[in-house]
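Student: Letter by letter, the chains look like this.
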Amino acid sequence: MANMAQAIRMALHYAETHLGVTDIFGEDVGAPLGGVFTCTQGLKTTWNSPLDERGIIGAAMGIAMGGGRPVAEIQFCDYVYNTIDLLKLAGNTCWSSNGDWNLPMVVRTPVGSGIRGSIYHSHSFDATMTHIPGWKVVMPSTPLDAYGLLISACKEQNPVMYLEPKALLRVKGEERIPGEPDDDRTLSKLIDAPLGDRSQWKPQWPEALEAFAVPIGKGKLVREGNQVTVVSYGRTLPLCARAAATLADEGISVEVIDLRSLWPYDWDMMKASIQKTGRVLFVNEDTEVTNFGEHLVRRTVDELFYSLLAPPRLLAGKFVPGIGLADTLEMASVPQQNDITTALRALAGEQP
Amino acid sequence: MSRPRLIKESSAPLPLDRELLVRIHDLMVKTRVLEERLIQMYKQGHGYFWIGGPGEEAFNVPLGLLMKKGQGPEYDFLHAHYRQSGTLLALGEEPIGALRQMKNTASDPYSGGRNFAGHFSLRKYNVAPVSSPIEVQYSIAPGTAMVQKRVGGDGITIVTGGDAGTAEGDFATCLVWSSRPANPLPVLIIVTNNKWGISTSAEGQHGEPRVSERGKAFNIRSKTINGNDPVEAYLELKEAMEYVRKERKPFLLEANVSRLYGHSSASGANYVTDEVDCLKDFEKRLEQDGVLTRQQMDDLRNRYTEDMAAAARIARDEPLPEPESIWKHIFAEDK
Ligand SMILES: Cc1ncc(C[n+]2csc(CCOP(=O)(O)OP(=O)(O)O)c2C)c(N)n1
Chain H
5 MANMAQAIRM
15 ALHYAETHLG
25 VTDIFGEDVG
35 APLGGVFTCT
45 QGLKTTWNSP
55 LDERGIIGAA
65 MGIAMGGGRP
75 VAEIQFCDYV
85 YNTIDLLKLA
95 GNTCWSSNGD
105 WNLPMVVRTP
115 VGSGIRGSIY
125 HSHSFDATMT
135 HIPGWKVVMP
145 STPLDAYGLL
155 ISACKEQNPV
165 MYLEPKALLR
175 VKGEERIPGE
185 PDDDRTLSKL
195 IDAPLGDRSQ
205 WKPQWPEALE
215 AFAVPIGKGK
225 LVREGNQVTV
235 VSYGRTLPLC
245 ARAAATLADE
255 GISVEVIDLR
265 SLWPYDWDMM
275 KASIQKTGRV
285 LFVNEDTEVT
295 NFGEHLVRRT
305 VDELFYSLLA
315 PPRLLAGKFV
325 PGIGLADTLE
335 MASVPQQNDI
345 TTALRALAGE
355 QP
Chain W
3 MSRPRLIKES
13 SAPLPLDREL
23 LVRIHDLMVK
33 TRVLEERLIQ
43 MYKQGHGYFW
53 IGGPGEEAFN
63 VPLGLLMKKG
73 QGPEYDFLHA
83 HYRQSGTLLA
93 LGEEPIGALR
103 QMKNTASDPY
113 SGGRNFAGHF
123 SLRKYNVAPV
133 SSPIEVQYSI
143 APGTAMVQKR
153 VGGDGITIVT
163 GGDAGTAEGD
173 FATCLVWSSR
183 PANPLPVLII
193 VTNNKWGIST
203 SAEGQHGEPR
213 VSERGKAFNI
223 RSKTINGNDP
233 VEAYLELKEA
243 MEYVRKERKP
253 FLLEANVSRL
263 YGHSSASGAN
273 YVTDEVDCLK
283 DFEKRLEQDG
293 VLTRQQMDDL
303 RNRYTEDMAA
313 AARIARDEPL
323 PEPESIWKHI
333 FAEDK
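These protein sequences, in sequence, are chains H and W.
Each residue of the first sequence is one higher than the one before, counting from 5 in our numbering.
Each residue of the second sequence is one higher than the one before, counting from 3 in our numbering.
The set of hints was computed from the structure by calculation and includes no laboratory data.
Listed next, the in silico DSS-like pairs over lysine-lysine satisfying Cα-Cα at most 27 Å (straight line): (1) H:K92 - W:K330; (2) W:K240 - W:K225; (3) W:K251 - H:K48; (4) H:K222 - W:K330; (5) H:K48 - H:K206; (6) W:K330 - H:K159; (7) W:K197 - W:K225; (8) W:K45 - W:K197.
Please build the complete structure, drawing on both the sequences and the hints.
Tutor: Here it is as structure tokens:
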């Protein structure tokens, strides 16, 4: 099965051949590298931009205004901060012009820890991004969702921020992307660029790829359970699923929700689950102060207080200025498997 | 580089058709009267903030007249700043739109009561929404130019902003992105230099003798012109636009202009007597050359003054947007 980087590449191929994507660009996005995470290898509309993040976001806005359909990449989300006012502007262009203009543009950027990226290649962007109205924000945790969310993003009339969890980019999926070959080796031969000279290389895209779309705003019920709900997305989602499996052996039944879309988000799914279990843990790895999960905790308290058997909890990254390179430092800074299992066990055992 | 213009000698006849001179003058007067009305509305409490372009009519009006007007990449794009009412009127907009924006009525055609005066947005003529953060338009402009270059035809992208704002990285972004040897872009990069950034003089802001010289390092053709002379502005803009249209390469044009009413209402919005008034100067020449009489010009101004007062009364009585309308147009599906 494809890994997430391959899934993204296949979705972009589909989007530039069928959905009108005109420009896939950013630093090292075009030939010869095809992206530092290989997500854009072999695509036909790719090009390398100057090393200028403001220029990248600005150009994407201009291309969208001009009638193109851009997919821009910021090499690491840590470097998107000097474009924050442009992101705000992209988010308010439709509103401030009273509906006169809209910007069909996608920005992709890798986020989070997990590749030992040290202080400037490990940041998360979910809280910042969900603070900017006018954008849709998504973050897949599986290759199939990565494919389907990107297809949806490339059909949107609005700006979409597509957050790629770095730690999962090389993880193979368990589900097949409609149209991908059955076996990984075949897929790799077809679409992975060779090392060394690539000047003569051309990918052979699987012809049967489909417009499989994951709707923006719909979460996924990853595992049913009735004692406690855990809501997550991105890198921490598979950790939550594994924690749920571990706890099942202990007789604790955990319902796992993959939010997939951070804005708009699937409140109906969370609400139904929390009303059923009475207990909820939100997990992500952004820093915990003014965290997106805090918003979800607040909404849970506001709307579901009388259904709760325990206080809603948030497990997030530590509020420290960066993620240190040493293994011990990274592990201590963002939620790990064990932290999640422990937090869920404690929540399940909490009595009113 | 182009030849020096003879028009600077005030004895030489004006080198534009009479009809065009009269049209430029008409639009300059209309713009000035509109801006004066906007300032008055602000001072009477019919608006919260004023910023606009009195003093820049001589440059802005020719710019609007020369634009290839329409929607989509075959036509010119304008990424403007907040001093461009003259350009909008020259494109054919009626002044009441600007008055409605000042009064932030629901009928404000540019933002539905959401944005400041002078913050135009007009998709039907490729006028990108004017944003309050200065200079960001310079980062966006290369994008529309890229599409235009790809689509073919002769549509160009025009971006304007102030001299102080060239300190922002966006200005460098525009120079870099539009002049890459592998992909030069059809962008007319304009800086209107009024020698001020709010209260900080040019001497305290930037050290280059001419902003246009910054184009040199990028191999961008560039020029500084007198933006207070509508005839020079018209001819220079025409030449620069023709170059960008045909060569599909950038051009950096610096226009020296006046700031006749200070920066904005934040600095009082009162007439500044020691700046060149482009309208007064132009009228002197029109009279000298027998293009228009003083009487004709006074009549025109009076007529516009009355029209503007009537339009302001209409705008004043129109309703504000409904509170629930804050939820409209966050996303495009809501259209
Ligand atoms: C990014 C940003 N910083 C500060 C401001 C506040 N501000 C508004 S206008 C202005 C001065 C701009 O001067 P200049 O670029 O010369 O343009 P002018 O208004 O003189 O035409 C400033 C500092 C702003 N709007 N945006």
